[in-house]
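Participant: Using the sequences and the hints, build the whole thing.
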Amino acid sequence: MESLKEILSPDFLLRNSVYTSVLIGFACPLVGVFLVLRRLVFLGVALPQISSTGVAVALSVPMWLGATQPEHAAQSEHLLAFAGSTIFSLAAILILAFLERRGRGHPEGRLGAAYVVAAALSILLLSKNRFAEVGWLDLLKGEVITVSNADLVLTAATLAIVLAVLGLFQKEILLVSFDRAMAVTLGKKVLFWDVLLYLLIGLTVSMAVLSVGPLISFGFLLIPALTAHLFAKTMRQFATLASLIGGASALVGFWAAYQWDCPIGPSDVVILGLFMGLDLSFTNSSAIIELIGHSPSVEIWK
Amino acid sequence: MFGYVPQATEFDPLFQLTGFEVALMGAYGRIRAGRFVPQNERAFARECLRAAGAEEFARKKFSEFSGGQKQRVLIARALAARPDVLVLDEPTAGVDAAATHALLDFISQIHAEQKLTILLVTHDLPLVRKHAQQVIWLHQGRILNGSAAELLTPERMAEIFEMEVG
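Quick mapping for you: the protein sequence lines, in order, are chains A and B.
For the record, in the first sequence the residue sitting at position 187 is 187 according to the working numbering, with numbers rising by one throughout.
For the record, in the second sequence the residue sitting at position 67 is 67 according to the working numbering, with numbers rising by one throughout.
Errors might be hidden in some of the hints.
Stated by the list, open to error - Taking lysine-lysine pairs in the DSS-like style, the calculated list, with each CA pair at most 25 Å apart, reads:
id, chain 1, residue 1, chain 2, residue 2
1, B, Lys-60, A, Lys-171
2, A, Lys-171, B, Lys-61
3, A, Lys-171, A, Lys-188
To be verified - From the structure, some residues in chain A lie toward chain B, with a derived Cβ separation under 7 Å:
id, residue
4, Phe-34
5, Leu-37
6, Leu-168
7, Lys-171
8, Ile-173
9, Phe-178
10, Ala-181
11, Met-182
12, Thr-185
13, Leu-186
14, Gly-187
15, Phe-231
16, Ala-232
17, Thr-234
18, Met-235
Said to hold, decoys possible - Rough simulated footprint, nothing fancy, chain A against chain B, three-plus residues with beta-carbon under 8 Å:
id, segment
19, 5-12
20, 32-40
Keep in mind the hints are simulated off the structure, nothing from the lab.
Since we're looking at a predicted model, the values are computed, not measured.
Backbone N, C-alpha and C fix where the C-beta goes; we use that ideal spot for every residue, glycine too.
Facilitator: Put into structure tokens, the structure is as follows:
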């Protein structure tokens, strides 16, 4: 308990990391709920990986342009990484959605290919970059240790945007997700609401990848939503519970990592897994098998 | 304004929506984006559930309803859109025989009481014979138009299907 008090103290050295992890834990499940509802679980896997490729590409740009390592590179690196992460996530989600709408090819295969190519590309780019630091690999592994005040503010702003957009436009986004044909007959601009939701997912994913890495982002996007679905009776309960599970897991994960000197990101995901395991032991396991397994398609534009 | 009633089997059971929340969606066309649903629209959605004989399903989970129960809630949702025309797409798909009769009697009742034009898409010819006034029959690229009494006689149907009678 002493270590828990220590990490919650305002004087704790890594307090920004704690706050960032918890904010990501709250934010990711809020958009993850829609990935689960739209049966886009594979997109939740591919998108963080594509976003991390954006980070690797952005960090390689100065070298490709022939730049030498600047003295105060950390800030500009982080800005570049944020730009790369955001541009790649948003571009990927819009391109995948466009391809889905045209109905060509195999959606699951497309997402699988995007995931594996993105993962390989990230490793290649970082291995060939002579300025690459161990810190970059830590970033992609989810070692959320050095978080600046600016990063913390950016993460908090992302959570605020997610909450504001989902709170204000919940009925439109829900209607379009639940029954597109009805939304059309009611005169709703279906494409606009789809794009807004995907931009929100893209923004959250890029922020999360930058803070905690692709593996943990995927964990926070999907596991809290899958866990909460077994208990929730209404949509509001579903989103709230998923967000609370994410936030609580991030805090417990950080505490466990600090207590036993483990990497923070993987600790968070294991804690999420434990939450889900506990959940399963209290509920009917067939429900979760249906959630994961009954995926008639991974349509983006259903 | 169209009031659209899709097949009850189309909906994903993952959505944690109550019957009332589904019915309320009918009112969304009148509420601007970013605005909360006003009390009068909530009250109207409840009225529509009552009119559709689905009041008891308001607080229960939509995904757990039977086919007939879902159809009633979806009709309530369509009524909540204050439609000029109610469009029903295969309303009896996945609904048992007893519920089908009850549902179609109810749709006929809405038509009579609310003077609402109802466009029903179905493959169920006995149902059409009993409930439809005007029929548009799409058969092998041909469009046949007429009253149910004209189109659905054994002789006319045999002619359409190019079969011998008796």
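Participant: Confirm or reject each hint.
Facilitator: Each hint, compared with the structure:
no. : hint                     : result
1   : B:Lys-60 with A:Lys-171  : holds, 19 Å
2   : A:Lys-171 with B:Lys-61  : holds, 18 Å
3   : A:Lys-171 with A:Lys-188 : holds, 11 Å
4   : Phe-34                   : violated, 11 Å
5   : Leu-37                   : holds, 5 Å
6   : Leu-168                  : holds, 5 Å
7   : Lys-171                  : holds, 6 Å
8   : Ile-173                  : violated, 10 Å
9   : Phe-178                  : holds, 5 Å
10  : Ala-181                  : holds, 6 Å
11  : Met-182                  : holds, 6 Å
12  : Thr-185                  : holds, 4 Å
13  : Leu-186                  : holds, 3 Å
14  : Gly-187                  : holds, 6 Å
15  : Phe-231                  : violated, 10 Å
16  : Ala-232                  : holds, 5 Å
17  : Thr-234                  : holds, 6 Å
18  : Met-235                  : holds, 5 Å
19  : 5-12                     : holds (count 4)
20  : 32-40                    : holds (count 3)
Hints 4, 8, 15, counting from the list given before, are not met by this structure.
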